[in-house]
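Novice: Residue strings, one per chain:
Number of protein chains: 2
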Amino acid sequence: MTLAPWRSPLSRALHRNRSLTYARYLQLATVRADGRPANRTVVFRGFWADSNQLKFITDARSDKFDQIQQQPWAEICWYFPKTREQFRLLGRLILISAAQQPPELLQARMQSWQDLSDTARQQFLWPDPKQPKAEAEVFSASNADPAQPPDHFCLLLLNPVEVDHLELRGNPQDRHLYKQLDHPDDQQWSVQFVNP
Amino acid sequence: MTLAPWRSPLSRALHRNRSLTYARYLQLATVRADGRPANRTVVFRGFWADSNQLKFITDARSDKFDQIQQQPWAEICWYFPKTREQFRLLGRLILISAAQQPPELLQARMQSWQDLSDTARQQFLWPDPKQPKAEAEVFSASNADPAQPPDHFCLLLLNPVEVDHLELRGNPQDRHLYKQLDHPDDQQWSVQFVNP
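In order, the protein sequences belong to chains P and R. Residues in the first sequence are numbered from 1229 upward in steps of one, following this note's numbering. Residues in the second sequence are numbered from 1229 upward in steps of one, following this note's numbering.
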């Protein structure tokens, strides 16, 4: 698999903004069952193996889990404050849960669990999201096992087909549109330099 | 009109993050005509008059203009880096274009145009977005008139009906859900303290 042409500017942005922890936070838009959009911050967890798919994690008890099962299309919006540039990546999401999957994806899910901090793992043992707030003790009732994720821990992959890169520095601004061509096996992309 | 109960924590977040220019940037998710989501960064321009409606601006030549006309529901996701908190606001968008509107909205549109910097106004005279990049001279061919916005300059109002406020500081984190009750004339809201 060759790197998509947007990988190089994205790597550069990640590198130049590396002093900001939150430069790895981005906003993931999905669509609710009733057709209204949803939008929340998620943490970028790197690329899956040698693919162009971005890794995130999620909890099967969250609203987005159900949304993604109904409508796998998503757009992430990723703003880098230091270099003043934005990447929008439109693509399909793939949920990797505890259920049967190709072994390499199950392995990736396990690895993502093991890569988490203790604090992040612990959050998956918290009581159900959006229910009336439980007593403080409930949140520390048991310890997460680094060797075994709970069933509701999911790896989430985004497979982009369009990328819109806007650089706000400069007047006029620079904008590049990347589109995956019709034959996804080829992993070919078009690139256009366009008006911002 | 009384202030909605989420206005106070949002004001506090804006104040505590005021040293970061980009704390006024947030991500706006809408839905495309084909049902796939779209997501981009926009700049918060304050509240409209004494309402609970957030102001943004947009260009009628942008994709979101068409999206909003077909599906006015949107969710903004607003992450405040310094205080590590997120606001998600779900609501309907209202486009205020040059076409006939109640005079107070046309006046608000004019005021938003006048409040812009020269640089920001100039961008509305740039050639059509997403077309092949024009020569540099085209971007500075004429000067924007501070007294008269071009027809494609739009004010955009978001009227939230649900607000999800997550504070990442603290373990466990604090999360409050605000929902507008069924009688919008009353402007009554429910507030729930829930599991993160």
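These aren't lab readings, by the way, just hints derived from the structure by calculation. Quantities reported herein were computed from a predicted structural model and do not represent experimental measurements. Just so you know, not all the hints are guaranteed correct.
The list treats identical chains as one, so a pair stands whether inside a single copy or across any two.
Below, computed lysine to any residue pairings styled on SDA-like, alpha-carbon distance capped at 25 Å [to be verified]:
1. K1310 / T1230
2. K1361 / I1285
3. K1407 / Q1281
4. K1361 / H1404
5. K1358 / K1407
6. K1310 / A1372
7. K1310 / R1252
8. K1310 / T1249
9. K1310 / V1271
10. K1407 / H1393
11. K1361 / P1331
12. K1407 / H1243
13. K1358 / G1398
14. K1361 / E1390
15. K1310 / R1240
Novice: As a check of your reading, is K1361 near P1331 (CA-CA no more than 25 Å) within one copy, between copies, both or neither?
Specialist: The answer is neither: 37 Å in one copy and 45 Å across copies each exceed 25 Å.
Novice: One pair to classify: K1310 and T1249, alpha carbons no more than 25 Å apart. Within, between, both, or neither?
Specialist: both (12 Å within a copy, 11 Å between copies)
Novice: Is the C-alpha distance from K1407 to H1393 at most 25 Å within one copy, between copies, in both cases, or in neither?
Specialist: within (11 Å within a copy, 35 Å between copies)
Novice: Are the CA atoms of K1310 and A1372 at most 25 Å apart within a copy, between copies, both, or neither?
Specialist: For K1310 and A1372, neither the intra-copy (36 Å) nor the inter-copy (29 Å) Cα distance is at most 25 Å.
Novice: Could you figure out if K1310 and V1271 sit no more than 25 Å apart (CA to CA) within one copy, between two copies, both or neither?
Specialist: Classified as both: same-chain Cα gap 18 Å, cross-chain 16 Å, threshold 25 Å.
Novice: Reference check for the pair K1361 and I1285, CA-CA at most 25 Å: within, between, both, or neither?
Specialist: within (23 Å within a copy, 37 Å between copies)
Novice: Which holds for K1310 with R1240 at a C-alpha limit of 25 Å: within a copy, between copies, both or neither?
Specialist: both (12 Å within a copy, 24 Å between copies)
Novice: Pop the pair K1358 and K1407 into one bin, within, between, both or neither, using alpha-carbon distances up to 25 Å.
Specialist: Answer is between: at 13 Å across copies they meet the 25 Å cutoff, but 38 Å inside does not.
Novice: What label fits K1358 with G1398 when the C-alpha limit is 25 Å: within, between, both, or neither?
Specialist: between (43 Å within a copy, 17 Å between copies)
Novice: When no copy is specified for K1407 and H1243, does a C-alpha distance of 25 Å or less occur within a copy, between copies, both, or neither?
Specialist: Within. Shortest intra-copy distance 24 Å satisfies the 25 Å Cα cut-off; inter-copy 40 Å does not.
Novice: Is it within a copy, between copies, both, or neither that the alpha carbon of K1361 lies no farther than 25 Å from that of E1390?
Specialist: Between. Shortest inter-copy distance 18 Å satisfies the 25 Å Cα cut-off; intra-copy 40 Å does not.
Novice: As a check of your reading, is K1310 near T1230 (CA-CA no more than 25 Å) within one copy, between copies, both or neither?
Specialist: neither (28 Å within a copy, 38 Å between copies)
Comparing the model with each earlier hint shows violations of hints 1, 6 and 11; every other hint is respected.
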